[in-house]
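S.K.: So you can see what is in the structure, the chains are spelled out below.
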Amino acid sequence: RKEVEQDPGPFNVPEGATVAFNCTYSNSASQSFFWYRQDCRKEPKLLMSVYSSGNEDGRFTAQLNRASQYISLLIRDSKLSDSATYLCVVNDRGGKLIFGQGTELSVKP
Amino acid sequence: DVKVTQSSRYLVKRTGEKVFLECVQDMDHENMFWYRQDPGLGLRLIYFSYDVKMKEKGDIPEGYSVSREKKERFSLILESASTNQTSMYLCASSFQGQDYTGELFFGEGSRLTVL
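Those protein sequence lines, which keep their order, are chains F and U. Residue 77 in the numbering used here is what sits at position 76 of the first sequence, and the numbering runs on without skipping anything. Residue 91 in the numbering used here is what sits at position 86 of the second sequence, and the numbering runs on without skipping anything.
Check each hint, because a few of them may be wrong.
[What the hints assert, rightly or not] Straight-line alpha carbon distances no greater than 30 Å define the calculated BS3-like cross-link-like pairs of lysine-lysine that follow:
(1) F/Lys-46 to U/Lys-8
(2) U/Lys-8 to F/Lys-43
(3) U/Lys-18 to F/Lys-46
(4) U/Lys-8 to U/Lys-18
(5) U/Lys-62 to U/Lys-75
(6) U/Lys-8 to F/Lys-97
(7) F/Lys-97 to U/Lys-76
(8) F/Lys-97 to U/Lys-75
(9) F/Lys-43 to U/Lys-18
(10) F/Lys-3 to U/Lys-75
(11) U/Lys-18 to U/Lys-60
(12) U/Lys-76 to U/Lys-62
[Unchecked claim] Okay, the calculated beta carbon distance ranges per label pair:
(13) U/Ser-13 to F/Asn-66: 19 to 27 Å
(14) U/Met-93 to F/Gly-17: 28 to 36 Å
(15) U/Gly-21 to F/Gly-55: 51 to 59 Å
(16) F/Asn-23 to U/Tyr-55: 28 to 36 Å
(17) F/Ala-21 to U/Asn-89: 30 to 38 Å
(18) F/Arg-77 to U/Ser-85: 46 to 54 Å
Keep in mind the hints are simulated off the structure, nothing from the lab. From the three backbone atoms N, C-alpha and C, an ideal C-beta is built for every residue, glycine too.
Modelling step: build the complete structure from the supplied sequences, incorporating the hints.
M.R.: Here's what the structure looks like:
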């Protein structure tokens with residue numbers, strides 16, 4: 002079993018749609034969690050951290066379920082500029098981040 | 006702005022050649038990392054370093070070595086390049102400390118092709 006698993010997609014959605022990505026992790030001792038975004042042919046960049054209580058940043062909402070070892074990212078009112086690959090990331094061993102393979106999102110007009 | 010600079014964006018090497026990939030960061034970060042990214046496999050950690058002259062193996066260290074002689078510089082070395090090392094190589098750095106946010110700052114990547 003992979004340490005961090007994501008549905009690779011691609012997710013093809015129209016502008017304005019709501020889309021949700023899921024991620025599971027295998028190590029119950031994992032400490033912290035993040036979503037990164039990677040544009041085509043670019044480097045990954047931090048999108049947001051994921052807190053136990055859930056957190057929101059504009060149209061983006063991240064949630065964590067430690068009991069189920071599950072992380073989610075919800076994007077509301079999708080924009081064309083949201084098209085990218087979204088990477089689920091887990092801090093598994095104190096400073097070393099483990100990346101999921103990424104979920105590709107394509108937002109169409 | 007944090008800047009992580011990788012020495013070469015594109016390289017083409019022959020099997021058996023020695024390859025150096027260099028990475029420099031300008032934010033005095035303690036941690037530095039080398040990942041490779043392949044389609045369907047995501048980012049996989051090759052080596053990382055928490056301090057000068059310190060290095061630790063990641064998940065796929067075989068065929069690679071690293072060097073960190075100065076805090077700002079982390080080099081990845083392929084002693085004898087092979088075709089299965091054709092990949093995108095990403096260097097990253099981060100703070101180490103109480104306010105560690107998990108944010109890695111990546112370079113733009115070095116796309117290596119081994120013929």
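S.K.: So, for every hint listed, does it hold in this structure?
M.R.: Quick rundown of the hints versus the structure:
1. F/Lys-46 to U/Lys-8: holds (13 Å)
2. U/Lys-8 to F/Lys-43: holds (14 Å)
3. U/Lys-18 to F/Lys-46: holds (29 Å)
4. U/Lys-8 to U/Lys-18: Measuring from Cα to Cα gives roughly 27 Å; hence the hint holds.
5. U/Lys-62 to U/Lys-75: At roughly 19 Å apart (the allowed maximum being 30 Å), U/Lys-75 and U/Lys-62 satisfy the hint.
6. U/Lys-8 to F/Lys-97: Between U/Lys-8 and F/Lys-97 the Cα gap is close to 20 Å, so the pair holds against 30 Å.
7. F/Lys-97 to U/Lys-76: holds (18 Å)
8. F/Lys-97 to U/Lys-75: Roughly 20 Å separates the two Cα atoms, so the pair holds.
9. F/Lys-43 to U/Lys-18: Holds, at roughly 22 Å.
10. F/Lys-3 to U/Lys-75: Given that 30 Å is the threshold and the Cα spacing comes to 34 Å, the pair is violated.
11. U/Lys-18 to U/Lys-60: Judged against 30 Å, a Cα distance of about 26 Å means the pair holds.
12. U/Lys-76 to U/Lys-62: holds (18 Å)
13. U/Ser-13 to F/Asn-66: 19 to 27 Å: Cβ of U/Ser-13 to Cβ of F/Asn-66: about 42 Å, so the range 19 to 27 Å is violated.
14. U/Met-93 to F/Gly-17: 28 to 36 Å: holds (33 Å)
15. U/Gly-21 to F/Gly-55: 51 to 59 Å: Holds, at about 52 Å.
16. F/Asn-23 to U/Tyr-55: 28 to 36 Å: holds (32 Å)
17. F/Ala-21 to U/Asn-89: 30 to 38 Å: Cβ of F/Ala-21 to Cβ of U/Asn-89: about 36 Å, so the range 30 to 38 Å holds.
18. F/Arg-77 to U/Ser-85: 46 to 54 Å: With Cβ atoms ~50 Å apart, the hint holds.
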